[in-house]
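*Asks:* Chains as they are written, first to last, in the UniProt record's numbering: chain Y, 1 to 258; chain W, 1 to 256.
Do not rely on the hints blindly, as some may be mistaken.
In silico lysine-lysine, DSSO-like type, Cα no more than 27 Å apart, as pairs [as the list claims (entries may be wrong)]:
| # | chain 1 | residue 1 | chain 2 | residue 2 |
| --- | --- | --- | --- | --- |
| 1 | Y | K173 | W | K177 |
| 2 | W | K212 | Y | K173 |
| 3 | W | K248 | Y | K173 |
| 4 | W | K212 | Y | K192 |
Take a look, some chain Y residues computed to stay more than 10 Å from chain W by CB distance [what the hints assert, rightly or not]:
| # | residue |
| --- | --- |
| 5 | S30 |
| 6 | A40 |
| 7 | E42 |
| 8 | D74 |
| 9 | K146 |
| 10 | L162 |
| 11 | K173 |
| 12 | V181 |
| 13 | L185 |
| 14 | C199 |
| 15 | F247 |
The set of hints was computed from the structure by calculation and includes no laboratory data.
This one's a predicted model, so the numbers in the text were calculated from it and none came from an experiment.
Ideal Cβ placement from N, Cα and C applies to all residues, glycine included.
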Amino acid sequence: MADFQSIKTKVEDGIALIELNRPNVLNAISRGMVTEIRSAFETFDKEDAVKVIVLTGNEKAFAAGADIDEMAEDDAVTLELLNQFKDWDQLHTIKKPVIGAVSGYCFGGGFELALCCDILFASEKAQFGFPEIKLGVMPGAGGTVKLTKLMGPKIALEWLWLGEPMTAKEAQKHGIINRTVAPELVVEEAMKFARILACRAPLSLRLIKESVQYAAGHSVHDSMQFERKNFYLLFSSEDQKEGMKAFTEKRHPQFKGK
Amino acid sequence: MFETINYESRAGVAWITLNRPEKLNAFTAVMHKEMLAALKNTGKDKDIRAIVITGAGRAFCSGQDLGGSDNPDYGEVLRKGYNPMIQELVSIEKPVIAAVNGVAAGAGVSLALACDFRIASEKASFIEAFIHVGLVPDSGNLYFLPRLVGHAKAMELAVLGEKISADQAKELGLVTKVAEEEVFIQEVETFAVKLASMPTKAIGLIKRYMNKSWESDLSEVLEYEALAQKTAGSTEDHKEGVSAFMEKRKPEFTGR
Chain Y
1 MADFQSIKTK
11 VEDGIALIEL
21 NRPNVLNAIS
31 RGMVTEIRSA
41 FETFDKEDAV
51 KVIVLTGNEK
61 AFAAGADIDE
71 MAEDDAVTLE
81 LLNQFKDWDQ
91 LHTIKKPVIG
101 AVSGYCFGGG
111 FELALCCDIL
121 FASEKAQFGF
131 PEIKLGVMPG
141 AGGTVKLTKL
151 MGPKIALEWL
161 WLGEPMTAKE
171 AQKHGIINRT
181 VAPELVVEEA
191 MKFARILACR
201 APLSLRLIKE
211 SVQYAAGHSV
221 HDSMQFERKN
231 FYLLFSSEDQ
241 KEGMKAFTEK
251 RHPQFKGK
Chain W
1 MFETINYESR
11 AGVAWITLNR
21 PEKLNAFTAV
31 MHKEMLAALK
41 NTGKDKDIRA
51 IVITGAGRAF
61 CSGQDLGGSD
71 NPDYGEVLRK
81 GYNPMIQELV
91 SIEKPVIAAV
101 NGVAAGAGVS
111 LALACDFRIA
121 SEKASFIEAF
131 IHVGLVPDSG
141 NLYFLPRLVG
151 HAKAMELAVL
161 GEKISADQAK
171 ELGLVTKVAE
181 EEVFIQEVET
191 FAVKLASMPT
201 KAIGLIKRYM
211 NKSWESDLSE
221 VLEYEALAQK
231 TAGSTEDHKE
241 GVSAFMEKRK
251 PEFTGR
């Protein structure tokens, strides 16, 4: 794996753990950091030994926001030419399950990064929010889009306009996070969940993710057609044969991801 | 460092003394800020393993200083002053003891109720004074009081606003212990130092999840207990406790 400055990575038992690593600035997300996350995501997505990706920060902050210093002097033209969100867009193209483990501050760009994860575990003490409004800007990496899809326009507007922090309890109530866990155990619980997924049929995980993501943005009819094709597709996999054979033979299946 | 409170720490215990004795330690905006800062500090300081809150002079705390400003927005006074202080106090995962040295009235009662333990001097008394000026118990009073003494008794205390003595408070289960005035501070010190030598992480987890139990059902609490036990089980104090038990000696807990 490449030599990263802003993140740390390791692979263990089929799970790739990516830790945001700019502790001195509460993991503020710089452009370089996003490029590194994208690179790590893409590498792990291709690596056979990796079944699931876990993304986390540290105890104090998942990521407290974007790196403000980096963009303070930008104007519309420099931003357009820089096309920094290209890296962000790629984060959504990952086929393997991505689990986020959030402790502490998860604001602005940090919140948007968390929302790129498929499943979110958060500390009871984690805080989420989009404070961009207080700086005279707005979320730019999907914040208004994803919050709206998750909580509906009325509730989303309230949070985006006020820019106040949201507790983990509120985030869970609105379907933003899957589970709230004790601060001491966030990464551990996320890893435990990842280990369960790592034993599931990889192609099923992949096509289920694709179908769910499709359904979130398309009509019921189109999504049903899409689901059907993916369902058929799995019947050409070895794992489908193995899975159904193991079921009739009353034993645990051995999935190979083929 | 502080103007309206006194803050010191010794033997693992932080002592926060409300220090406006001439005003019976009534709360002002400055006192709220200073209490909040002091409480935050006790939460962060790893050497502190128990906290005592007490009052200077003859009162514990007489609640809001009514002589403050002319026409305050009471709602905002609570949101800005009392509420953050109470939230902070409850979120500290260390034992907090109210050493009720004298009268506790109004928000002074609330402050004591938000603590994990109350030790009262025989001179102490509690009075839900709000009703006497046509107000409602605040600063968590309506939350903690029924949980501590039961709904019926809490209604009596809050609506009738009668003064209750330290002994009556003990009978209601409001206070852990009543001590004679001459030995009061000593008794508090002994109690606090004892708590400070106990497994602090386990106490913090007990506090966290017992508080959460009020808003949870059984299956949630069972899961919290499993999470808490997993965490407590990985502390040095757990290892020390088990070894001390096997070796038939007294454990020496470090709070780690």
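*Asks:* Compare the structure with the hints numbered earlier in the document and write down the numbers of the violated ones, lowest to highest.
*Replies:* 1, 3, 12 and 13
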